[in-house]
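Undergrad: In the order they appear, the protein sequences are chains A and B. First residue of the first sequence: 5, per this note's numbering; consecutive thereafter. First residue of the second sequence: 646, per this note's numbering; consecutive thereafter.
If you are wondering where the hints come from, they were derived from the structure by calculation, not from laboratory data. In this text, a Cβ means the ideal position worked out from N, Cα and C, and glycines have one as well. Hints may contain errors.
Stated by the list, open to error - Simulated coverage check for chain A against chain B, where a stretch passes if three residues somewhere in it have a Cβ under 8 Å from a Cβ of chain B:
#, stretch
1, 41–53
2, 60–74
3, 86–95
4, 125–132
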Amino acid sequence: MTFTKNKSTSDPRLRGELAKKGVVWTSLDFLYNWGRRSSIWPMQFGLACCAFEMIAAACARYDIARFGAELFRASPRQADLMIISGTVTKKMAPQVVRLYNQMPEPKYVLTMGACAISGGPFIDGYNVLRGIDRYIPVDVHIPGCPPRPEALLHGLMELQKKIAAQEILKAEWYQKGLKREFPIPEYGPNGLIPKFNPEVWRPPQKDARRIHYGQTILVGKKLKAPDLELALAPKPAAPGAVA
Amino acid sequence: METIPFSKNTDTAEMLEINFGPQHPSTHGVFRMAVQLEGEKICGLKPVFGYLHRNHEQIAENLPYAAVMPYTDRLDYVNALTNNFGYALAVEKLAGLEVPERAEYIRVIMAELARIVNHIAVIGFMLNDLGAFFTPLLYAFRERERILDIFEGVTGSRLMNNFFRFGGVKHDLTEADLAEIKKIIARFPAFLKEFEDLLTKNEILCMRCQNVGILSAGDAINAGITGPVLRASGVNYDIRKVDGYSIYNRFDFQVPLGKKGDVYDRYYVRILEIRQSLKILEQALAKIPQGEIMNKKALPYLKMPRNFKPPVGEAYGRIESPKGELGFYVVSDGTPQPWRYHVRAPSLINLTALEEMCLGQKVADAIVILGSIDIVLGETDR
Chain A
5 MTFTKNKSTS DPRLRGELAK KGVVWTSLDF LYNWGRRSSI WPMQFGLACC AFEMIAAACA
65 RYDIARFGAE LFRASPRQAD LMIISGTVTK KMAPQVVRLY NQMPEPKYVL TMGACAISGG
125 PFIDGYNVLR GIDRYIPVDV HIPGCPPRPE ALLHGLMELQ KKIAAQEILK AEWYQKGLKR
185 EFPIPEYGPN GLIPKFNPEV WRPPQKDARR IHYGQTILVG KKLKAPDLEL ALAPKPAAPG
245 AVA
Chain B
646 METIPFSKNT DTAEMLEINF GPQHPSTHGV FRMAVQLEGE KICGLKPVFG YLHRNHEQIA
706 ENLPYAAVMP YTDRLDYVNA LTNNFGYALA VEKLAGLEVP ERAEYIRVIM AELARIVNHI
766 AVIGFMLNDL GAFFTPLLYA FRERERILDI FEGVTGSRLM NNFFRFGGVK HDLTEADLAE
826 IKKIIARFPA FLKEFEDLLT KNEILCMRCQ NVGILSAGDA INAGITGPVL RASGVNYDIR
886 KVDGYSIYNR FDFQVPLGKK GDVYDRYYVR ILEIRQSLKI LEQALAKIPQ GEIMNKKALP
946 YLKMPRNFKP PVGEAYGRIE SPKGELGFYV VSDGTPQPWR YHVRAPSLIN LTALEEMCLG
1006 QKVADAIVIL GSIDIVLGET DR
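Build out the structure end to end from the sequences listed, making use of the hints.
TA: As C-alpha cells, then:
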C-alpha cells in the first residue's frame, strides 16, 4: 500500500523518544485517511447477479468486515461507497445517478462485474446501458462475470489505496462552493437522454467492438417464420435426428 | 419515476400512497411496489417490473443454440444449474438427442444440490425481511459455500456454471467429488436440525408468519402459480412427479404439502423439500453407473456449435425449478439460431398473486410475503 508521504522534517530520534512515552507524531493526512479507509460504509444496493457475490463477501467465509466495510447502509445518505453490482438497464440508470447524487461527499463508486463496466454479455440488448461510467465517475472497476468475492475484496483494497493517497488540502470535496450534481438522464423514445455525461465520459475514437467483431450491435436478419404445420405433419420417412 | 395510478380515489386524508423500491433492502433486487395504505393496512398494491430487463430472449434468438446456455445461467442466478437443465431438455426434445445414463445421474445430482442451495438461501433472505437481520443468512451461507465448493470443483465456476450440454454434461464427476458430496449430505441433517431448532418453533417467527398472506388452493391454481408456493397451499403438483422428466421417476421421494397456504407453510415446505432432495441425492449417489457422459452424436457440436441445426419444429421443455415450473419454448427454423425462444419464468407468474395475498395485511407483512414467494429479478424481468 502507498500511504501519504510523511513530509515532517522533525528529528526521527525525537519521534522515537516520544513514541516510548506514548506520544504519536504523524501527519494529519495519514491519520485522517487511516480513519476513512478503515470504515467505508457501502450502500446496500444489489442490481443483479453480482449482488449475490457481494452478499457472499459479506458472509462468514469472505468476511468483508476484516476490511472495515461490513456496515451496509440501506440509505444513500449514510453511505460512502456505492457498489454497482450488476447490469444497469436504461430504466434503472436514472435511479442509480439519483442515488449517487444523494450520497454525501466524499463518495466513491465501485463497479462490479462486466455488465456494470461495459454492458458485458448483455451489451447487444436494447435496454442495457453500456457502462455506468457514462454518467457517474467510477473509482474502481472489478472485471468478472460475476467476480469472485476475493475479487471484490481486492477491489476494496485498491479503493483503500486510493483513499490513502488523497490529501485534505487538495481534495475536491473540501474546496469552497463545490456542487457536484450529475445530471440525471431521462428515458426518451430512443433510449436515454442525454446519451452520456460529457464531463465524465467521451465516446472512444475507435469503435473497438466494430473492429473486433465486425458489428457494434448484433442484430438478427431473420425475416421468414418457419412453417411449423408443414414440419409437424406426419411424414412417411422420418427425418434424421439432427439435420 | 412515473407515478402508478390506482383506481380508488386517494384524495381522502386516510389514504396514503407509498413506493417501495427499486432501491430497497428487502425487494430482492430492483423490484418496485406502489402500495396504497390506509393507516397500516394495505388497500392496493401494484408491482412494477422491468428494472432488470436485459433482453434475454432477443439476444438468445441471435445466438447459436449452445451459446444461449451461459445466458440461462443469468436468469435465476441463485441456482444456475436448474436453468441449464430446462434449456437442455427443450433443445434435446427439439433435436431428438438422447442422454447417456451416467450424464442423467450427474444432472440430477447437480440439480438437487442447486435446489438445496436455493432453498436455504431463500429461507435466509425471508428471515432477513422478517427482521432477523443477517443472522440466519450467515448460517445458510455457511452451508451454501460448502456446496458451491463442489460446483466450483466440478464446473469451474461458483455461480454461473454453464455445465449442461445438449446430450450430456460438460465434465464428469470424479470419485473424489462423489465422496465430497456424500460428506455434505451426511452433515446436512445436523445443519437442518440446528436451523430448525432456531426457527421452526420460534415464537416470533410463528407470530409473524402464521395466518399471514394466505393463498387458497383455488386462487393459486387460477393464477397459474407453481412450485413451493403452490404446494404450501396444499396442491400436490410437482413436475418431477407429474412429468417424471430425466430419470426422476426412478427415485423414491415424497412431495411435501402445506395446509393453509400462509407464509409459515411456505417456509416449512422448503425445509421439507431440502430433506426430500437429500433423499434423492442419497439414492442417486448409490445408483450412479459408470459410462459415457456425452451422447456420441452430439460430440462434434461441442467444437462446432454453429453446425448444430435442429430440424424445423417446436419444443417445450419444463422442469421443476426451486421456484416453480421453469419452461423453455424453442422454435427452430433449421438455422443455427432459434427462431423463437421464450422462457416461462416461475418468479414472474408467482408474483401475480402478490396483491391478492397482501390485501388487508399490515405493511410490514407485505415485505415478508414478498420474501416468501421467492422471486429473482433476473428471471422476472429477463
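Undergrad: The structure should be examined with respect to each hint, and the outcome stated for every one.
TA: Evaluated hints:
no. : hint    : result
1   : 41–53   : holds (count 6)
2   : 60–74   : holds (count 5)
3   : 86–95   : holds (count 4)
4   : 125–132 : holds (count 7)
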